[in-house]
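**Student:** Read off the chains here:
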Amino acid sequence: MFTHHAQLRKAYDVVIIGAGGHGLAAAYYLARDHGVRNIAVLEKGYIGGGNTGRNTTIIRSNYLTPAGVKFYDKSLELFRDLSQDFDLNLFYSTRGHFTLAHTDSAMRTMRWRAEVNKHYGVDSEVVDAQAVQQACPQMDITCAGHAPILGALYHAPGSIARHDAVAWGYGHGADMRGVEIHQQTEVLGIRVEGGRVRGVQTSRGSIATDKVLCAVAGSTPRMLDMVGLDSPITIHPLQAMVSEPIKPWLDPILVSGSLHIYVSQTARGELVMGASLDPYELHSTRSTLDFAESLAAHMLDMFPFLSDVKVNRQWAGMADMTPDFAPIMGKTPVAGFYLDAGWGTWGFKATPVAGWTMSSTVANDRNHPLIESFGLDRFARFALTGEKGAASVGH
Amino acid sequence: MKILNCPVNGPRPVSEFVYAGELRPMPDPATASDVDWAAHVFNRRGVADVKHEWWYHIASGVWFVAERNTATDTVLRTYLYQKPAA
Numbered sequence: 006m007f008t009h010h011a012q013l014r015k016a017y018d019v020v021i022i023g024a025g026g027h028g029l030a031a032a033y034y035l036a037r038d039h040g041v042r043n044i045a046v047l048e049k050g051y052i053g054g055g056n057t058g059r060n061t062t063i064i065r066s067n068y069l070t071p072a073g074v075k076f077y078d079k080s081l082e083l084f085r086d087l088s089q090d091f092d093l094n095l096f097y098s099t100r101g102h103f104t105l106a107h108t109d110s111a112m113r114t115m116r117w118r119a120e121v122n123k124h125y126g127v128d129s130e131v132v133d134a135q136a137v138q139q140a141c142p143q144m145d146i147t148c149a150g151h152a153p154i155l156g157a158l159y160h161a162p163g164s165i166a167r168h169d170a171v172a173w174g175y176g177h178g179a180d181m182r183g184v185e186i187h188q189q190t191e192v193l194g195i196r197v198e199g200g201r202v203r204g205v206q207t208s209r210g211s212i213a214t215d216k217v218l219c220a221v222a223g224s225t226p227r228m229l230d231m232v233g234l235d236s237p238i239t240i241h242p243l244q245a246m247v248s249e250p251i252k253p254w255l256d257p258i259l260v261s262g263s264l265h266i267y268v269s270q271t272a273r274g275e276l277v278m279g280a281s282l283d284p285y286e287l288h289s290t291r292s293t294l295d296f297a298e299s300l301a302a303h304m305l306d307m308f309p310f311l312s313d314v315k316v317n318r319q320w321a322g323m324a325d326m327t328p329d330f331a332p333i334m335g336k337t338p339v340a341g342f343y344l345d346a347g348w349g350t351w352g353f354k355a356t357p358v359a360g361w362t363m364s365s366t367v368a369n370d371r372n373h374p375l376i377e378s379f380g381l382d383r384f385a386r387f388a389l390t391g392e393k394g395a396a397s398v399g400h
Numbered sequence: 060m061k062i063l064n065c066p067v068n069g070p071r072p073v074s075e076f077v078y079a080g081e082l083r084p085m086p087d088p089a090t091a092s093d094v095d096w097a098a099h100v101f102n103r104r105g106v107a108d109v110k111h112e113w114w115y116h117i118a119s120g121v122w123f124v125a126e127r128n129t130a131t132d133t134v135l136r137t138y139l140y141q142k143p144a145a
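Sequence lines, in order, name chains A and B.
The first sequence runs 6 to 400 under the working numbering.
The second sequence runs 60 to 145 under the working numbering.
No lab work stands behind these hints: they were computed from the structure.
For clarity, every value in this text was computed on a predicted model and none was experimentally measured.
Among the clues, some could well be false.
What the hints assert, rightly or not - The calculated lysine to aspartate or glutamate pairs, modelled on DMTMM-like cross-linking and capped at a C-alpha distance of 25 Å, are:
1. A/LYS252 - A/GLU377
2. A/LYS336 - A/GLU191
3. B/LYS61 - A/ASP295
4. A/LYS49 - A/ASP235
5. A/LYS49 - A/ASP18
6. B/LYS142 - B/GLU81
7. A/LYS252 - A/ASP169
8. B/LYS110 - A/GLU275
9. A/LYS49 - B/ASP132
10. A/LYS15 - A/ASP370
11. A/LYS315 - A/ASP256
12. B/LYS110 - B/ASP95
13. A/LYS252 - A/GLU275
14. A/LYS336 - A/GLU377
15. B/LYS61 - A/GLU298
16. A/LYS393 - A/ASP382
17. B/LYS61 - B/ASP108
18. A/LYS79 - A/ASP145
19. A/LYS79 - A/GLU298
20. A/LYS336 - B/ASP95
21. A/LYS75 - A/ASP86
22. A/LYS393 - A/GLU82
23. A/LYS79 - A/GLU120
24. B/LYS110 - A/ASP329
25. A/LYS252 - A/ASP306
26. A/LYS49 - B/ASP108
27. A/LYS336 - A/ASP230
28. A/LYS75 - A/GLU275
29. A/LYS393 - B/GLU81
30. B/LYS110 - A/ASP230
31. A/LYS336 - A/ASP38
32. A/LYS336 - B/ASP132
33. B/LYS110 - A/ASP306
Model the full structure from these sequences, guided by the hints.
**Tutor:** See the structure below:
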């Protein structure tokens, strides 16, 4: 599926750090839409082995800020055509997405989101508790009496897809167009001269380039140190787990901020479950028993009948968190150094649009209009893009 | 369950504590430039390192500092904050 390149070239037009979904999508659109094909994608591990392979695969565009809604809706549009584009089955499955509200203040946020969504043409509405019960008859909507569900934000286009296949599809498409993907190749330094990028030092030798796109999720602070940039990004683990396969019963995707749950059932019958971010900084993908216990307890509040179901696997990814829960994208004060970062807990669904907008940004050396609210410079201007109300994950 | 050693209450489960970020010197708000102040408000030292961090014991209201390796999650020591001599 991927060409093996024994040697790095001496120079590339663009070097992309990170062969996850985002980096490979940027390579794909650079080659397909912008005619830039002399590209190296450098990956210290393997393709899609970072957060691309560690998320819970949920795709939605019911965000809170106008900038976020427009951006993620473009992503959904791109997602729908990808299986055709790649000639590869992404198992893209439209399920409908309920964000459950257990309190009056949560209902208020849902109404706010629904109005912003509708204004930008996104299919999103507030529904009552009965509608939730109808869509999911198995649920105890009183949540064991602890946190009765008052209603929900319903987003019909909410979907899941096979995350690995997204990275493989983009990688294969880029590879076919001449992009070199170098796995097991770690970036050790970035050469900056006179305020602009000149090259990259790797574990397999140095290469010259005038453009570097950094798409490394949890390793972003280390890359920024190499070029001397400060940022608000801090790293927290985000854990998730999956149950043994059981017969199909859960059609929609369910999210509860109050109970710290998001859950969907895969085509294989496993329940994919996520919860809140680990509460303190840690650069590690270790799992904890605390997490599994607390997530399982909350799952049983909603679905008591799952008490005999086993947990098959548990894992973690390193999330690059930002203060306003929006990404950090685009040009930076270092000329030729482009950032696709701050993807925290919301990066998978943005894979197509992040690649699409970053390819345009890198090719034209001008921020794409869809990412104007996501610049690194927004913090110095106190012009934040507050998306916390749209985050599924409890924080 | 991970155990954290509170300097007042001794070893307690980490779920009894709140993490409050790295201990950082604050620029003088009266003299700092807008850019420096914004950097202080938002920017953090994001790379993994041994860091001195604020932690809070919820049950007893004790603020203290933990010296912790943020790559391995090893706590080297915990101590009560002392104001540096003026």
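**Student:** For which of the previously enumerated hints does the structure constitute a violation, in increasing order of number?
**Tutor:** 1, 8, 18, 19, 28, 32 and 33
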